[in-house]
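The sequence shown begins at 10 in our numbering and counts up by one.
Simulated from the structure, these hints should not be mistaken for lab results.
All C-beta atoms, glycine included, are put in the ideal place defined by N, C-alpha and C.
You may find that some hints are simply not true.
The following label-pair restraints were derived from C-beta to C-beta distances [to be verified]: (1) Gly143 - Gln69: 31 to 39 Å; (2) Leu97 - Gly143: 37 to 45 Å; (3) Val33 - Pro123: 40 to 48 Å; (4) Asp50 - Lys90: 56 to 64 Å; (5) Cys81 - Asn44: 33 to 41 Å; (6) Cys81 - Lys129: 18 to 26 Å.
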Amino acid sequence: MCKEYFSIEEIKKLNKDLENLKNVDKPKIIEEIKNSKMLGDLSENSEYHYAKKKKYLIDQKIKSIEDTISNCSIKNNIEIKKIILEDLKNKKIIIYNITKENKKNKWDISIDSPIIDLIKGKRIGDIIKLKKYGKEIDMKISSIE
10 MCKEYFSIEE IKKLNKDLEN LKNVDKPKII EEIKNSKMLG DLSENSEYHY AKKKKYLIDQ
70 KIKSIEDTIS NCSIKNNIEI KKIILEDLKN KKIIIYNITK ENKKNKWDIS IDSPIIDLIK
130 GKRIGDIIKL KKYGKEIDMK ISSIE
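Work the whole structure out from these sequences, hints included.
Below, the structure is given as structure tokens:
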């Protein structure tokens, strides 16, 4: 599974949802299963089958949230959506859109892109060396939005 990026608030919400599922919803459905077993023949007991299905769905949701949390990365509270670079040699402006997913067009780059690593800790006006087509190109960071 690929890494997903969440803010601290989003991770707290996932943890809160997980705790609610484990400590409220699941014990409640286990009690429903126990009570429905007392109603008689399990082969014809629709309450029992419905409760078992609900328990299965809760277990699946718990597993999904646990998997998401274990495979997530925390993103900075400052969310970068666009980087504007200027090629110092030919004065061309390049605008990259930052996406969480794969590229939609040639100007989209993933948050995991090497360009993102290059600009970490840099400020507007700083020069980075971008490797493109086997050459190093000096680029000035014009804007980070």
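Taking the hints in turn, this is what the structure says about them:
1. Gly143 - Gln69: 31 to 39 Å: Since the Cβ atoms of glycine 143 and glutamine 69 sit about 48 Å apart, the hinted range of 31 to 39 Å is violated.
2. Leu97 - Gly143: 37 to 45 Å: Roughly 18 Å apart at Cβ, these two residues miss the hinted range, so it is violated.
3. Val33 - Pro123: 40 to 48 Å: At 44 Å between Cβs, range holds.
4. Asp50 - Lys90: 56 to 64 Å: Check passed, 60 Å falls within 56 to 64 Å.
5. Cys81 - Asn44: 33 to 41 Å: holds (37 Å)
6. Cys81 - Lys129: 18 to 26 Å: holds (19 Å)
Hints 1, 2 from the earlier list are contradicted by this structure; the remaining hints agree with it.
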